[in-house]
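Visitor: Could you build all of it, start to finish, from the sequences and the hints given here?
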Amino acid sequence: AQSVTQLDSQVPVFEEAPVELRCNYSSSVSVYLFWYVQYPNQGLQLLLKYLSGSTLVKGINGFEAEFNKSQTSFHLRKPSVHISDTAEYFCAVDNTDKLIFGTGTRLQVFP
Amino acid sequence: ETGVTQSPTHLIKTRGQQVTLRCSSQSGHNTVSWYQQALGQGPQFIFQYYREEENGRGNFPPRFSGLQFPNYSSELNVNALELDDSALYLCASSGEGLAGGRGQTDTQYFGPGTRLTVL
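Just so you know, the protein sequences line up as chains L and R, in that order. When the letters of the first sequence are read in order and numbered with this note's numbering, they come out as residues 1 to 111. When the letters of the second sequence are read in order and numbered with this note's numbering, they come out as residues 1 to 119.
These aren't lab readings, by the way, just hints derived from the structure by calculation. Where is the CB? At the ideal position from N, CA and C, for every residue including glycine. Any given hint might turn out to be false.
As the list claims (entries may be wrong) - Partial list, derived from the structure: chain L residues whose beta carbon lies under 8 Å from chain R: (1) F14; (2) K98; (3) G102; (4) G104.
Guide: What follows is the structure in structure tokens.
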């Protein structure tokens, strides 16, 4: 069975600092991976996705993620965060007709 | 804006009651998926409908049921509500379904959710 692990429940960071949110997945088949962001009292917004091809995926709002098959990871990065990036971030894997989500990482950006 | 809308925004019910949540998908999207997100957790897959038929179900009891209509709207019905049903319910629409054996996957676009509180 496929699963997703987000090891960090909370990541505090100062504005303009770089950030990495970690995601590891478990799967025995080809995977499609996603990062979604959830702002307070809102639904999920797609940041980026990996389906195939280049392992470095660029998304919206300056975020990028790298698919690493040998380490079964799909970490999300941003070189310089803004206050407005404060939100909950979810990593997800496609498991034949459904998305399996991790438990989320709360990114808190401080001025 | 994903073009996916949900109603109502908030809902309060008591144990044992029944509830219907509604979702309007993006025009042209044949697939709708429903997820339950408990407080502090990631969304959990409830079920998916493709062209008005159920196309996959997660680990939820039969009292969770759904309908999809030709006009890109859909419903999630929950009978005999329990306290643990309190959660944010999200619907997501996509074009032609997920992997489905075609080696492709289609991005799911989420609505803002319905916050259900069961007292």
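Visitor: Should the interface hint for G102(L) be scored as holding, given a Cβ-Cβ cut-off of 8 Å against chain R?
Guide: This interface hint holds because 5 Å falls under the 8 Å limit.
Visitor: Given a cut of 8 Å on the nearest C-beta pair, is the interface hint for G104(L) held or broken against chain R?
Guide: 5 Å, holds
Visitor: For the hint on F14(L), just tell me whether its beta-carbon gets within less than 8 Å of chain R.
Guide: This hint is violated: F14(L) lies away from chain R, its Cβ roughly 25 Å from the closest one there, beyond 8 Å.
Visitor: Could you check if K98(L) really has its C-beta closer than 8 Å to a C-beta on chain R?
Guide: 4 Å, holds
This entry does not satisfy hint 1, going by the numbered hints stated previously; all others are met.
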